[in-house]
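There are 2 protein chains.
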Amino acid sequence: MILITYTKPLSKLIGHFEKFPGIGPRTAQRLALFILKQPESTIRDFSEALLEAHSNVGRCKKCFNLTSEDECEICKNTQRNQKLICVVAETKDLLALERAREFKGVYHVIGGLISPMDSVGPELLEIRSLVERVSKSEIDEIILALTPSVEGDTTSLYIGKLLAPFTKVTRIAYGLPMGSELEYVDEVTLARALEGRTNLN
Amino acid sequence: MILITYTKPLSKLIGHFEKFPGIGPRTAQRLALFILKQPESTIRDFSEALLEAHSNVGRCKKCFNLTSEDECEICKNTQRNQKLICVVAETKDLLALERAREFKGVYHVIGGLISPMDSVGPELLEIRSLVERVSKSEIDEIILALTPSVEGDTTSLYIGKLLAPFTKVTRIAYGLPMGSELEYVDEVTLARALEGRTNLN
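As you go down the protein sequences, you meet chains F and D in turn.
Counting in full-length UniProt numbering, the final residue of the first sequence is number 201, and the numbers go up one at a time with none missing.
Counting in full-length UniProt numbering, the final residue of the second sequence is number 201, and the numbers go up one at a time with none missing.
With the rest of the complex left out, here is chain F (with noise of 0.2 Å):
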């Protein structure tokens, strides 16, 4: 929806709010006149912040969350248990896992899903690097903590093929309603479904 009334500068900002994920226009126009309304120092900062987030922010080395170092805080955290990882599609997969505070070992970030429908194919994915991380160390065990749908299955089928020879692979229970998102999913059942994991092999 565009309104001539606009002025140019102010529909270009009302344009880029529009393209985030879940923001309509009406929101859009309302978190543009909220810029408007804040003091410059804040709409530096924030900018600021736009810049410096998407240019520093990478993959860790070792299981691909995001970081701004070579290695994550979770990875680097000694007190976690570097023997336990937990296999997720997403980033916003492992912040959910998080929240739980049910899981205290490590994680590997797979970044998404075997598709064929998207033609996504299990070498687009962090699952080549997943392998040659639990060869290459002694682990106790794999939890696979993908979305249950199709493609989540075909993925935790494959890689707990994969990692069979080597150590024990697990699923998080079915305990999430079917087409979910994981990211949504509430704490508490999160937290059941990581206790009720079945074995895959």
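Worth flagging that the hints you see were computed from the coordinates, not collected in a lab.
Be careful, since some hints might not be right.
Same chains, same label: a pair holds when it works inside one copy or across any pair of copies.
[To be verified] In the DSS-like style, the derived pairs of lysine-lysine whose C-alpha atoms are separated by at most 25 Å in a straight line are:
no., residue 1, residue 2
1, Lys37, Lys92
2, Lys168, Lys62
3, Lys92, Lys12
4, Lys12, Lys37
5, Lys62, Lys8
6, Lys19, Lys92
7, Lys136, Lys76
8, Lys37, Lys62
9, Lys8, Lys104
10, Lys161, Lys136
Mind docking chain D on chain F? Use the hints.
Below, chain D alone, put in the same frame as chain F:
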């Protein structure tokens, strides 16, 4: 909700998004992760749009609508009836009326409502400029389109008394439910409210 697992530039960016109206911690996280996935050029454009809108968008000298020039596009538009002024509290209310596509006159944005509880007196609003504008030029009618609330009614009565010597003053009909925000009322209701306006003097 601050998580130790966010890397600093990311948590800083999330913090900025959390300050936006109507954006909670999870939406802020989703928006920040979305930013990281965008190409750098998009983020540079967005960052520039923020600064440009903030520094270039000011107030119209005539009606105090947002504009990047001296006079806003509505005031400069010769197709619009310059003798019919609609008084609104905020720019977002003006935009809501524009969406209703019912009003063909011009506006005066007073910048808020009289509210003794919040120490907002008439002198903090663009009411003096409105009286001056009405007294200096030939105006057929002033339509007051303020939120139906104690503050809105007070402001309407105050402006109504001040302008009565100069011209006809009307108020949009009470078709709006009490306590609602003008910004969120649907277009049809707004159009009805404009049609059914009543005489104040």
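Hint by hint, here is what the structure shows:
no.	hint	result
1	Lys37 to Lys92	between (31 Å within a copy, 12 Å between copies)
2	Lys168 to Lys62	within (20 Å within a copy, 74 Å between copies)
3	Lys92 to Lys12	between (29 Å within a copy, 17 Å between copies)
4	Lys12 to Lys37	both (17 Å within a copy, 21 Å between copies)
5	Lys62 to Lys8	between (46 Å within a copy, 19 Å between copies)
6	Lys19 to Lys92	both (19 Å within a copy, 20 Å between copies)
7	Lys136 to Lys76	within (18 Å within a copy, 72 Å between copies)
8	Lys37 to Lys62	between (43 Å within a copy, 20 Å between copies)
9	Lys8 to Lys104	between (51 Å within a copy, 21 Å between copies)
10	Lys161 to Lys136	within (17 Å within a copy, 84 Å between copies)
Violated hints are absent here; each numbered hint is respected by the structure.
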